[in-house]
Structure formats: structure tokens, C-alpha cells
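Chemist: Line by line, the protein sequences give chains H and E.
Using my numbering, the first residue of the first sequence is number 10, and each one after it goes up by one.
Using my numbering, the first residue of the second sequence is number 10, and each one after it goes up by one.
Errors might be hidden in some of the hints.
Treat identical chains as interchangeable: a pair holds within one or across any two.
Simulated pairs of lysine-lysine, BS3-like, Cα-Cα distance not exceeding 25 Å [claimed, not checked]:
1. 32 x 101
2. 23 x 97
3. 250 x 23
4. 35 x 250
Everything labelled a hint here was simulated from the structure, so no lab data went into it.
There are 2 protein chains.
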Amino acid sequence: MRREITGFSNPTVKYLRSLRDKKHRKREGVFLAEGLRLLTDARECGHVPQMLVMAEARDPHPLLDALEADVAAAGGEVIETSADILSKITGKDNPQAVAGVFAEFDTSLAALDRGTATIWLVAQALRDPGNLGTMLRTGDAIGAGGLILIDDCADPFSVEAVRASMGAVFTQAIAQARWEEFLPWLRSGPGQLVAASLRDAVPYRGAPYAAPCFVLVGNESRGLPEDYELACDLRVTMPMKGRADSLNAAVAAAVLGYEVLASLEG
Amino acid sequence: MRREITGFSNPTVKYLRSLRDKKHRKREGVFLAEGLRLLTDARECGHVPQMLVMAEARDPHPLLDALEADVAAAGGEVIETSADILSKITGKDNPQAVAGVFAEFDTSLAALDRGTATIWLVAQALRDPGNLGTMLRTGDAIGAGGLILIDDCADPFSVEAVRASMGAVFTQAIAQARWEEFLPWLRSGPGQLVAASLRDAVPYRGAPYAAPCFVLVGNESRGLPEDYELACDLRVTMPMKGRADSLNAAVAAAVLGYEVLASLEG
């Protein structure tokens, strides 16, 4: 059964809009993702939305039918509404024709199984949701197991992060922890912690990477705290030929991540 | 002489705010850049702002004094205003204490000298100003000569692109051209055109890169048009281990750019 919503002031519209706000997401334990491709990725990874919102004016698509059937079978709700209301919900001028509400995942370190992958990305105090989503997307591409968020990072379940992840929010494991929790967890098993660094570092190419390799990048403007870097097993540096002394955080993670991939596979 | 501005409705404030709009930037032939570090990079690269706007409540700094002296010596205007008004001008909640208005550069292909660098970044229909700025920043890091923007790209002089470039908008050459202009220009001199591609491509590691190497990435959602790819001298592909079939455009340019750098220097 589809329910039709035509009014901006409908309580469900208000609920959906409120999910752009971290406080409301945390209270409800859910997040919003948009787009047929992303929702199909989610579905194929076993994540079925609690609520599916579709634009009335949409092109028919077998994947959308499959999605709707899965949501209905799981007891979820299917809503039809106008493109204008969808735009208001997602905060995007040209909204996708479909969006879904998903339960947030367990992001405790205890839920991570480091044995599932040879590369893990780790970000400390990453503030930009676009960078966070891009790191998830890169993690998917290099076959990383997931992204570990240390200290106060942007919310991986924000609309912006989910959008930038291009679906990788559903394929990558995500954990959130303070440094004081992360370090003992890391040292409780195998794992090489590698920092992108300018201090006392070796060239990133040909450095002695070892699996499982945890690639750590720091905050966008301050980089990593010195004591965090000193706790790493390896500090590597990328060439900086120009005036700048650092890369965008998501770029640094990608350049280093691809190098680690080549090294471990080579 | 400093001029003090206290009102939001002051014509200069309106003029400065209007520069967040591309239409107004083009009409005036100027753009806005914020932050002492960025303005100092600009100054050291020979770009002095026509107008310097400083927050009244700012920490004194010798680099700010040097900047103010240069602006005054060049006949420019120095303005003091409140943090609130600066915030309104730059559209940022926590504005930097200083911003400058700069004349736009010549972005014709004719102004590029390909002999000045062994790597050039090229983006086609790049729509996200953050990606554009990040590519400029990466170009600076890998010692690229500049960024060539093909077809309809985001404006490199938008506040978002300038901010994401972290000053590289002043250190990298920038050109804008249609594909129909770019290709004859490229072929009029030495240059290898390399596409990040999924079609008929060789692995990006160990590919036969040659200087001057022009690294081409396509639009964020559509990638490169097929005929553009076919016009390239080399098509390379990066491993995609997960579900996604592409990287963020700025990430792809960086991973490939660093590989080209290592290849040409190795």
C-alpha cells in the first residue's frame, strides 16, 4: 500500500526534513539516503529502508519495483509525494526521484572484524561531511574494510556524507571511537598504523606497508596531533612540490590508500 | 587610509556580497579570496588585492601589515568592518579576519606556456567548485603547471573553489576552453593526453607516461564523452575493488597525478 502525501505541513514530511539535523537523526536512530542507484546498492547489501519516499512524477524502473516490494515485505512504509516536497526533504534543488529512511548501523569498534580486509581507513577529527563520504567511496574502491572515525568527526549519516559516499556508506563498515579507545583496540590484534605525516616520515612510495594496514589521516586544518603520529608504526609523506604543505584530507587518504593497495598486492 | 564600514546596507558591502554570484564576478572582472594565509600566498605570487577588507576585532600580524602596505602602495582600498558584516560578505559563519578582492586572470589557452611544467591537470565539465578547488590544490602539490577547464565547468573564481584551492588559485595557471579549441591547441605542440577511463584502458601503475603529460578527468556523474576518450593518447584505469565503478573526480585526478609524477621523476 502506498500512502500519498500532498502537503508540506504533513507530519511525515516534517519528520523526514528533521532528519537533515544530526540531533534528530540520533534521537530516531535513522538516516536518509537518496537515489535509485544508492538505494539499490543498499538493498543488495541487505539494507532495506524502513520508509521509501517516491516522487509521483518518476520513470518506472524494475529496480524501483523490486525496492518497493522489499520495503512492503519487510513491513515498511511506501510514500508518494511531489517533487517539490522531495526537494524540501532532501534539501536539493533537483532531487532524486526516490529516497529512503534507514536504521543507523552499529558503529562500535567491537563490531569491526579486522580480519575481513587488508586495508582500513582511519580519520581523526574529520569535519567535512563531503570529505568523509569521499573517503568511504575511496575505501570501497581500494577494497578497504571500512572507515574508523576518531574523536569528533562529521556525522557519517548526514545527507551530505551519504551523498558523497555514492553508496559506500552501505558497503563499508563504519566505526566511531575516541583515540583512547581506538589505540588499545588496535593493539589488541594485528595491525600496522600508518600516518600521512610531515614529521620524521619516509617517502610514501615503497614504504614497508603490512596488512592489515590502518591508514590514518588528520583533521583538515590542524592535521594529526603529534602524540597520535608518534603512536603510529610508520609515518609516510607525499611529495609537496608547490607552496602548499598539505593535501585535502580525502585526497591524502586516496593517494596513500592506492599506494598501500599496490604495495600489498604487488 | 582605512575606511570604516558599519552598516549592512553600505554599497561596498552590497558590492562585495554580490561577488558570490558568478554573473557579478564576470561583470566586474574580480573575485573574492579570504584568509591571511591565502592572501599572503597571493601577495608572494605577485597578486595584490584591489580592495582589502579586515575585521575590526583581529589579531595584529606582521603579514597583515605587509599586505595592507602593499594594497595602499598599489592604490587599493583598505576597509575595516565588523565580523558580522565580513560573515555576510563571505557567506561563512566563522569568517576569516581578512578578505581581498582580486582582478580575475587571463584564462585563455593562449596564455598557457606548456613548457613550464611536465604535468598539467585537465577537467571536463567539472561541476563541483569544491572538486575544482581541490584539483588546483593537488596540482600545486604535484608540481603541475595548472588546470585546464574544458566545456562547462564550475567557476574557478567562486568563493567555494578559491577556498578549497587553499591558495593554489594563485599558484596554478588556469585556462578555460571548449574541447574544440583545446584539442588543436594541445596538438600544436608536445603533449600526451591521458584519460582516467574504464574503456580499453591499461593499468594506471607503470603506464608509459610522457612529459608534458596532460591528465584528463571527466564530469562527476557522466565521466568523459567517448569521443574525448578516444582522442587521448593513453587511457588508464585505477583498480575498483568494490561495488562502485568510479572515484570522486578530484580523487581520481590526484591518484593519477601522483602516479604520473612518480613515473616522470623515477
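Chemist: Hint by hint, say whether it matches the structure.
Modeler: Against the structure, the hints come out as follows:
no.: 1; hint: 32 x 101; result: both (20 Å within a copy, 22 Å between copies)
no.: 2; hint: 23 x 97; result: within (10 Å within a copy, 29 Å between copies)
no.: 3; hint: 250 x 23; result: neither (50 Å within a copy, 39 Å between copies)
no.: 4; hint: 35 x 250; result: neither (43 Å within a copy, 32 Å between copies)
When each numbered hint is compared with the structure, violations occur for hints 3, 4.
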